[in-house]
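Mind docking chain B on chain A? Use the hints.
Protein chains: 2
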Amino acid sequence: MPEKRTLPLWKTWSHITKLDPDKRISEADLKAVVESGTDAVMISGTQNITDENVAQLISSLTNYKIPKILEPATPEAVQYEAVDFVFVPLVLNAGDLEWVVGKHLEWIKNEKSKNHAAIKWEKVVPEAYIVLNPESAVARVTKSKTELTPEEVVAYAEYAEKYLRLPIVYLEYSGAYGDPNLVRRVSEALCGEASLFYGGGIDSKERAGEMKKYADVVVVGNVVYSGMEMFLATVL
Amino acid sequence: MPEKRTLPLWKTWSHITKLDPDKRISEADLKAVVESGTDAVMISGTQNITDENVAQLISSLTNYKIPKILEPATPEAVQYEAVDFVFVPLVLNAGDLEWVVGKHLEWIKNEKSKNHAAIKWEKVVPEAYIVLNPESAVARVTKSKTELTPEEVVAYAEYAEKYLRLPIVYLEYSGAYGDPNLVRRVSEALCGEASLFYGGGIDSKERAGEMKKYADVVVVGNVVYSGMEMFLATVL
Numbered sequence: 007m008p009e010k011r012t013l014p015l016w017k018t019w020s021h022i023t024k025l026d027p028d029k030r031i032s033e034a035d036l037k038a039v040v041e042s043g044t045d046a047v048m049i050s051g052t053q054n055i056t057d058e059n060v061a062q063l064i065s066s067l068t069n070y071k072i073p074k075i076l077e078p079a080t081p082e083a084v085q086y087e088a089v090d091f092v093f094v095p096l097v098l099n100a101g102d103l104e105w106v107v108g109k110h111l112e113w114i115k116n117e118k119s120k121n122h123a124a125i126k127w128e129k130v131v132p133e134a135y136i137v138l139n140p141e142s143a144v145a146r147v148t149k150s151k152t153e154l155t156p157e158e159v160v161a162y163a164e165y166a167e168k169y170l171r172l173p174i175v176y177l178e179y180s181g182a183y184g185d186p187n188l189v190r191r192v193s194e195a196l197c198g199e200a201s202l203f204y205g206g207g208i209d210s211k212e213r214a215g216e217m218k219k220y221a222d223v224v225v226v227g228n229v230v231y232s233g234m235e236m237f238l239a240t241v242l
Numbered sequence: 007m008p009e010k011r012t013l014p015l016w017k018t019w020s021h022i023t024k025l026d027p028d029k030r031i032s033e034a035d036l037k038a039v040v041e042s043g044t045d046a047v048m049i050s051g052t053q054n055i056t057d058e059n060v061a062q063l064i065s066s067l068t069n070y071k072i073p074k075i076l077e078p079a080t081p082e083a084v085q086y087e088a089v090d091f092v093f094v095p096l097v098l099n100a101g102d103l104e105w106v107v108g109k110h111l112e113w114i115k116n117e118k119s120k121n122h123a124a125i126k127w128e129k130v131v132p133e134a135y136i137v138l139n140p141e142s143a144v145a146r147v148t149k150s151k152t153e154l155t156p157e158e159v160v161a162y163a164e165y166a167e168k169y170l171r172l173p174i175v176y177l178e179y180s181g182a183y184g185d186p187n188l189v190r191r192v193s194e195a196l197c198g199e200a201s202l203f204y205g206g207g208i209d210s211k212e213r214a215g216e217m218k219k220y221a222d223v224v225v226v227g228n229v230v231y232s233g234m235e236m237f238l239a240t241v242l
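Protein sequence lines correspond, in order, to chains A and B.
FYI, the numbering for the first sequence is 7 to 242, going by the working numbering.
FYI, the numbering for the second sequence is 7 to 242, going by the working numbering.
Isolated chain A, as found in the complex (with noise of 0.2 Å):
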């Protein structure tokens, strides 16, 4: 049975740390994190994703209580053990239908055929992405169509949260810090049912304290691995 609605966990979170299962994190530095106030932990990555490197990641963080999220570069493979939920994004803007339904429906062939594997489906979560930075490997990967007006991007989270009804919107500028503007646009035009993620460049306090006056959530990534002093500023 799909979890109820009611009370999503992440409804009470403002900051979410990204691991990248491809980058080498020292145990200090993994301590720090979990530590530092951030909400939740995401485990994902989009290249050099293997069973062994997500593995070894998860297995680092079992004796933390922190929220564990497994967010899967596709849908294939997930491992539900050991974390809380399993956030499964749709990309929008994708320029093909693969990365709106397509990964999504061999993932739920393919865990059927397995007697071992059914899907959790009371941790899944459907993240509706909406790709804005066209230079990073996700906007590559899936072929997303990033010159959008913002009245395209508005409709594209109207659309998810309104339509679809679907729980996250996701804005994400993946190694580039956005337009603080249009996050603000698409903040007033929902409705306040989805929750509004914003990821991108987020390197500073003062950069988070902007995306956050209009995001519900920001997600931090790359800053982990270049500077753990800035990545600290993050979570306000």
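Each hint can be trusted.
Remember, identical chains collapse to one label, so a pair may be satisfied in a single copy or spanning two.
Here are the simulated DSS-like cross-link-like pairs (lysine-lysine), alpha carbons at most 27 Å apart as the crow flies:
| # | residue 1 | residue 2 |
| --- | --- | --- |
| 1 | 118 | 219 |
| 2 | 115 | 219 |
| 3 | 129 | 71 |
| 4 | 211 | 24 |
| 5 | 115 | 149 |
| 6 | 118 | 151 |
| 7 | 126 | 17 |
| 8 | 129 | 218 |
Don't read these hints as lab results, they were simulated from the structure.
Just chain B now, kept in the frame of chain A:
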């Protein structure tokens, strides 16, 4: 604000009558439909649908209290007045993005650009179509991939109900009578959160009864125009 999903009215329905704005129906036949015991009428068609013939059909239903659903051929020029619901399909097995997200985006953008016609989201309900008759107009228009294994049809249905958590999964054979075994398999795979709609080729008590064993709602259309006695027999 999106309507809460508790107790949607269609959960109590078992029979919907589809009326085509492009086809003529006498006042007497319309009265017979409304008084037949069908739970709702759906104004819906694929070809030669105009603002005018939709408005005329809706107008002819004004004095009847029966629940009225508008199912726009494309989600443009939606008329919200005088209908209880606007069921807006997305076609899961469409051949391109247009029928999953493209048309919807145009609709949302266009409605926003007209001051007088904001979308009445509280009336809008998404329907997850799986189009299965390759000869049908809807299959041709949407370039639907109808060559599907039962496992693929089940996976589409699970994608809709368990991943997206859409309220309606619609197996559409439009113009042909479908495979009851396939409807049964989909019914068994769903967990009861989504309502399973079946449409296509229902022109007798036997066929209506057979599909009603598995589908929550049968949608009956063409037979209204070819034989009112046969139509009346489909209302169990």
